[in-house]
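A.B. asks: Using the hints, position chain U against chain E.
Going down the list, the sequences are from chains E and U. Just so you know, the numbering used here puts 156 at position 156 of the first sequence, and the rest follows in order with no gaps. Just so you know, the numbering used here puts 61 at position 61 of the second sequence, and the rest follows in order with no gaps.
Note that these hints are calculated values from the structure, not bench results. It should be emphasised that the depicted structure is a prediction, and the values quoted were computed from it without experimental measurement. Don't take each hint at face value.
Pair ranges (Cβ atoms, derived) [as the list claims (entries may be wrong)]: (1) E:L167 - U:S129: 55 to 65 Å; (2) E:A32 - U:R96: 22 to 32 Å; (3) U:A83 - E:A32: 23 to 33 Å; (4) U:R100 - E:D195: 28 to 38 Å; (5) U:S129 - E:Q148: 43 to 53 Å; (6) U:P172 - E:P11: 45 to 55 Å; (7) E:G25 - U:D68: 30 to 40 Å.
Residues on chain E that point at chain U, a partial pick, calculated with CB under 8 Å [as the list claims (entries may be wrong)]: (8) Q17; (9) N24; (10) G25; (11) L55; (12) A58; (13) I59.
Some residues of chain U that are not near chain E, with every Cβ distance over 10 Å (derived) [stated by the list, open to error]: (14) D22; (15) K28; (16) A31; (17) V72; (18) R76; (19) Y80; (20) R130; (21) R134; (22) E159; (23) G161; (24) V167; (25) E170; (26) K177; (27) T196.
C-beta atoms are modelled at their ideal positions from N, C-alpha and C, and glycine is treated no differently.
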Amino acid sequence: MAEIIQLRNNPHDEAQQLLPWLVNGSLSPDEAERVEAHLAVCEECRAEVDAERRLAAAIESMPINSDAAFERIERRLEAQPQFGLSRASGLWRKRVPFGWAVISPLAAAAAVAVLIINVPSRQPTEPLYRALGASEISRPANLVVQFQPATRLSDMQAALQSVDARLTDGPTATGAYLLRVDQSKRELALKRLRDNESITLAEPIDGPTPG
Amino acid sequence: MISEEALTAVRGKSAEAQVDSDLELLAKVRAGDRTAFEQLYRHYHPRLTRFLWTLVRRPTIVEEVLDDTMMVVWNRPDSYHGASKLSTWLFAIAYRKAMRALRKQDEAVEDLAADRRASFDPGPDESSSRGRVRELLMQAIVELTPAHRAVVDLTYFHELGYREIAVILECPVDTVKTRMFHARRHLRKKLGGSLTDWV
Numbered sequence: 001m002a003e004i005i006q007l008r009n010n011p012h013d014e015a016q017q018l019l020p021w022l023v024n025g026s027l028s029p030d031e032a033e034r035v036e037a038h039l040a041v042c043e044e045c046r047a048e049v050d051a052e053r054r055l056a057a058a059i060e061s062m063p064i065n066s067d068a069a070f071e072r073i074e075r076r077l078e079a080q081p082q083f084g085l086s087r088a089s090g091l092w093r094k095r096v097p098f099g100w101a102v103i104s105p106l107a108a109a110a111a112v113a114v115l116i117i118n119v120p121s122r123q124p125t126e127p128l129y130r131a132l133g134a135s136e137i138s139r140p141a142n143l144v145v146q147f148q149p150a151t152r153l154s155d156m157q158a159a160l161q162s163v164d165a166r167l168t169d170g171p172t173a174t175g176a177y178l179l180r181v182d183q184s185k186r187e188l189a190l191k192r193l194r195d196n197e198s199i200t201l202a203e204p205i206d207g208p209t210p211g
Numbered sequence: 001m002i003s004e005e006a007l008t009a010v011r012g013k014s015a016e017a018q019v020d021s022d023l024e025l026l027a028k029v030r031a032g033d034r035t036a037f038e039q040l041y042r043h044y045h046p047r048l049t050r051f052l053w054t055l056v057r058r059p060t061i062v063e064e065v066l067d068d069t070m071m072v073v074w075n076r077p078d079s080y081h082g083a084s085k086l087s088t089w090l091f092a093i094a095y096r097k098a099m100r101a102l103r104k105q106d107e108a109v110e111d112l113a114a115d116r117r118a119s120f121d122p123g124p125d126e127s128s129s130r131g132r133v134r135e136l137l138m139q140a141i142v143e144l145t146p147a148h149r150a151v152v153d154l155t156y157f158h159e160l161g162y163r164e165i166a167v168i169l170e171c172p173v174d175t176v177k178t179r180m181f182h183a184r185r186h187l188r189k190k191l192g193g194s195l196t197d198w199v
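Okay, chain E solo, but in the shape it has when bound (with noise of 0.2 Å):
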């Protein structure tokens, strides 16, 4: 599509030019007057202004398309037996104090859904729904965190040592580590997590426990 047109700087050329700022408002009071008193002679520029207001509010009653998109994410988390239902939506709805604005809702989402598909594929047999706290799995994971993408392994390291937190899982495809820190003390480390700057996202998992 050429990039320049020439148009003849007359009133009408520029009535043609300016008629879109001139519906959607935005024309100075100056540039408003010259196109108006031009319409008040130019029947033609009189139907391109009914033209371009019906244009204007058709595209502004187009779908906002990124709703459509995230409501399929949001069906499909929640189509996710149990852990989709609880604990993305959890994720979804719950202000993080930092993790919510750095990462927005879907990448939180989709992380949860990295870990939701992840942690079950050992044992691909297995129902996807089978509980946490089941035998076979005597110490899961209780934590959720990313780290910012620079922070070095030492700085990890030393986050996981302050609340003596143990990995059980990841780096997960978004790069997101599962933990286990002893129950009674998780409020605790999740504060002193989300006060870390390199940690942009602490979450806990609410599976069942054990004692």
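C.D. replies: This is chain U only, laid out in the frame that chain E set:
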């Protein structure tokens, strides 16, 4: 989640008050206030999503570019010098990042049909003539170049002036006018008389 109500509220808010609010929030972000950052994120998420969706038409890129754009606010708030509105600055960053992401893709094998499938998802009430017009319109918009789509979206949906659009797209104002002229001609040609009953 994005809602029409949220967008209407965004557009309906006094532009002047919004500028003040943006600058106050940015000052807090500079001081490391994460709540202020979250407020900015929530405020701009719907608008940027809409803009980026029109521009790149791929959900994964929209999300990536949107978050990359907002991370500039958090990591480098001082790179905003106040020469324009914060919204203009943000749209400009998003536009540059989106165009870079698009260039990485092989435009030659762009599957326009897939774009339409991904972007227009008629609801149950969309079997009406309005639904058909929207579909025609979507097809016509997809046929425009990303640069033309950006001008169309910023003008018709975000209701920006051509000078502000020129700042966002980093091009002369005459280029904005010319792109709009071509885009309108294309859309009107594709829609024919189907907009007669609109509004």
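A.B. asks: Taking the hints in turn, state whether each one holds.
C.D. replies: Results for each hint:
A beta carbon spacing of about 58 Å between E:L167 and U:S129 agrees with the range 55 to 65 Å that was offered as a hint. Distance hint check: the CB atoms of E:A32 and U:R96 are about 31 Å apart, consistent with the given range 22 to 32 Å. Between U:A83 and E:A32 the C-beta distance comes to about 25 Å, which sits within the given range of 23 to 33 Å. Between U:R100 and E:D195 the Cβ separation comes to about 34 Å, which falls inside the hinted range of 28 to 38 Å.
Checked against the given bound of 43 to 53 Å, the beta carbons of U:S129 and E:Q148, roughly 51 Å apart, stay inside it. Remark: the range hint 45 to 55 Å for U:P172 to E:P11 is contradicted by a beta-carbon distance near 22 Å. In this structure the supplied range 30 to 40 Å holds for E:G25 paired with U:D68, their Cβ-Cβ distance being about 32 Å. Taking 8 Å as the C-beta contact cut-off toward chain U, the hint placing E:Q17 at the interface holds, the least distance being around 5 Å.
With a cut of 8 Å, the hint placing E:N24 at the interface with chain U holds, because the nearest CB-to-CB distance is about 4 Å. Against a cut-off of 8 Å between C-beta atoms, the interface hint on E:G25 holds, since the closest Cβ of chain U lies about 7 Å away. Interface hint status for E:L55: upheld, as the beta-carbon distance to the closest one in chain U is roughly 6 Å, under 8 Å. A least Cβ separation of about 5 Å between E:A58 and chain U falls short of the 8 Å threshold, and the interface hint therefore holds.
About 4 Å separates the beta-carbon of E:I59 from the nearest beta-carbon of chain U, less than 8 Å, and the hint is met. Annotated as non-interface, U:D22 keeps its C-beta farther than 10 Å from every C-beta of chain E; the closest such distance is 16 Å. For U:K28, the requirement that its beta carbon stay farther than 10 Å from each beta carbon of chain E is met, with the minimum near 13 Å. U:A31, annotated as away from the interface, keeps every beta carbon of chain E farther than 10 Å; the closest lies near 14 Å.
Even its closest Cβ contact with chain E, about 12 Å, leaves U:V72 beyond 10 Å, as expected for a residue assigned away from the interface. Distance check on U:R76: its Cβ is at least 14 Å (rounded) from any Cβ of chain E, clearing the 10 Å threshold; non-interface status holds. No Cβ of chain E comes within 10 Å of the Cβ of U:Y80; the nearest lies about 17 Å off, and the non-interface call holds. At roughly 8 Å, the least C-beta separation between U:R130 and chain E is not larger than 10 Å, which violates its mark as non-interface.
With a minimum CB-CB distance of about 6 Å to chain E, U:R134 fails to clear the 10 Å threshold, and the non-interface call is violated. The beta carbon of U:E159 sits about 4 Å from the closest Cβ of chain E, which is not more than 10 Å, so the claim that it is off the interface is violated. With a cut of 10 Å on Cβ distances, U:G161 falls inside the contact zone with chain E, its closest approach being about 3 Å. Listed as outside the interface, U:V167 is consistent with that label: its C-beta sits roughly 13 Å from the nearest C-beta of chain E, beyond the 10 Å cut-off.
Once the 10 Å rule is applied to beta carbons, U:E170 is consistent with being away from chain E; the minimum gap is 14 Å. A beta-carbon of chain E comes within 10 Å of the beta-carbon of U:K177; the shortest separation is about 5 Å. Chain E draws U:T196 into its interface by the beta-carbon criterion, the shortest separation being 8 Å against a cut-off of 10 Å.
The structure does not agree with the numbered hints 6, 20, 21, 22, 23, 26, 27 stated previously, though it agrees with the rest.
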